[in-house]
Amino acid sequence: MAEQSSLASRRSSSSASRRKPKKNQIPIGVALVIIIVAIGIYLGTKSGQLALYWTLGISFGVILQKGRFCFTASMRDPYLTGGTSLTRAVLIAFAIATIGFAAIKYGYQSMGLPMPGMSYVAPVSLGTVFGAFIFGIGMVIAGGCASGTLMRVGEGFHMQILSLLFFIIGSLWGAHDFGWWKLNVISKGKEVFLPDVFGWAGALFVQLTIIVLLYIAAEKYEEKRKAQ
Amino acid sequence: MNEVILDCLGEACPVPLVKAQNKIAEMNIGDILIVQIDHSCAMKNLPEWARKDGHNVEVEEVDDGEWEVIIEKLK
Amino acid sequence: MENKAEKKVKFFDRVKNNDYYIKWIKSPFTYVAAAVLLAIFQIVTLAATGNPWGVSGVFAYWGAWIYEAVGGTVDKWFYFASPGAQATLDAGFMEHAGTWRNIGIIFGALAATFLASGFKIKKIKSKKQIVAAIIGGLMMGYGARIAAGCNIGALFSGIASLSLSGWVFAVAMFFGAVVGSKLLVKFFM
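Protein chains in written order, with this note's numbering: chain A, 907 to 1134; chain B, 60 to 134; chain C, 708 to 896.
Everything labelled a hint here was simulated from the structure, so no lab data went into it. Computed from a prediction, not measured in an experiment: that's the story for all the values here. For every residue, glycine included, the Cβ atom is placed at its ideal position computed from N, Cα and C. None of the hints are false.
Some chain C residues well away from chain B (every beta-carbon gap over 10 Å; in silico):
(1) V722
(2) V743
(3) V751
(4) I841
If you want the footprint, here are the derived chain A segments under chain C, 3+ residues with CB under 8 Å:
(5) 991-1004
(6) 1078-1088
With these hints in hand, go ahead and build the complete structure from the sequences.
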């Protein structure tokens, strides 16, 4: 702390903190928590499912905001600024979620039940490549991905309110053209569920190995960029 | 010793970081760069980069949701 | 009355300087802590709802509801043709679970920001930001529909579901981000 304050005291321009009195926003935060709980209770009277989704949404919002977690930065920073700490964090999230998902899916399968969430194993087609590519461009320009845009709307960014609006319009546009894409592009692709190819243990091994290798590569890359 | 103030208020990521990187590159050792930001992500990634780059860093909260990142160029 | 109000203010000012408040509510989490938490809640989502986390699919429904509110109709669109999609559209957004999850993300972030006493309205600074928000938003929206998801549904949930599509999405999105970075530095900075 002592060393830190020395830097601020050595500056010649006056810090804005001595000019502006700080307001205390905690009471508004507490009021918001009460409103959130009230909405949760209201949704609970309609259906348990709505209340559950609301709770999950609140949790994701808090985690994303507190962690300043940004999928956009994880993809953009390696190229743009040379930093990979968010990239590595995202890889950690992938690894943990992979294990949890595999456990749940394997459990269902071994009980002879249909596995949950298999609609998220999407066909691999040129549509995936094209869509993800323009999504990648868009998120860097707009300064936020899907989750990041919502989180930043909550943080008070007018720019992200605008990009959310056009995200919705773009989604509608995409939904409008979806029939053509489905017929001519997506239907030519195939769903590939890795356990079908490598078996359960093999799929987990392959995927976790790739994640570890990417993690190491990201760390080495950052060191190399810094040395330049 | 020079002191430069970089106004990045209202700029979204990664603009503050890129601007700061460019600015610090053209400054001399011992100079101080003050980046004014109100983007909460930059309040994390800017100090992180500067520390890893080997500079002296300090973050001052000047107002609700407004920070000044003070960077002393050390190398 | 005034005395009471003053006491209340003092209470919250004391909270503001409390060590636990600063440590747990004011300071940001590390990236790794947030990553672990996101993964846990992603697993919780699959276990509790039967589906992984998704964000942008909901936006297509929001678009459809807005479009119908201004007099359009999406009944003939292939995307909304399935009985399930029609039922969702008819039930309205108040009954749509995904809608509440997305609004929840906004509210969660809003509450977390206020509790940390760090809220500030960030106005649009330049015309460049308007253009960037419009172009970026449109590209994300269109891309997410064609690629069957966004960074959450197609990338995070796709990879966690051991789907090859998640990895293909990741690679293509990475190259998109590189191109986006070049455009950003050239035109939007």
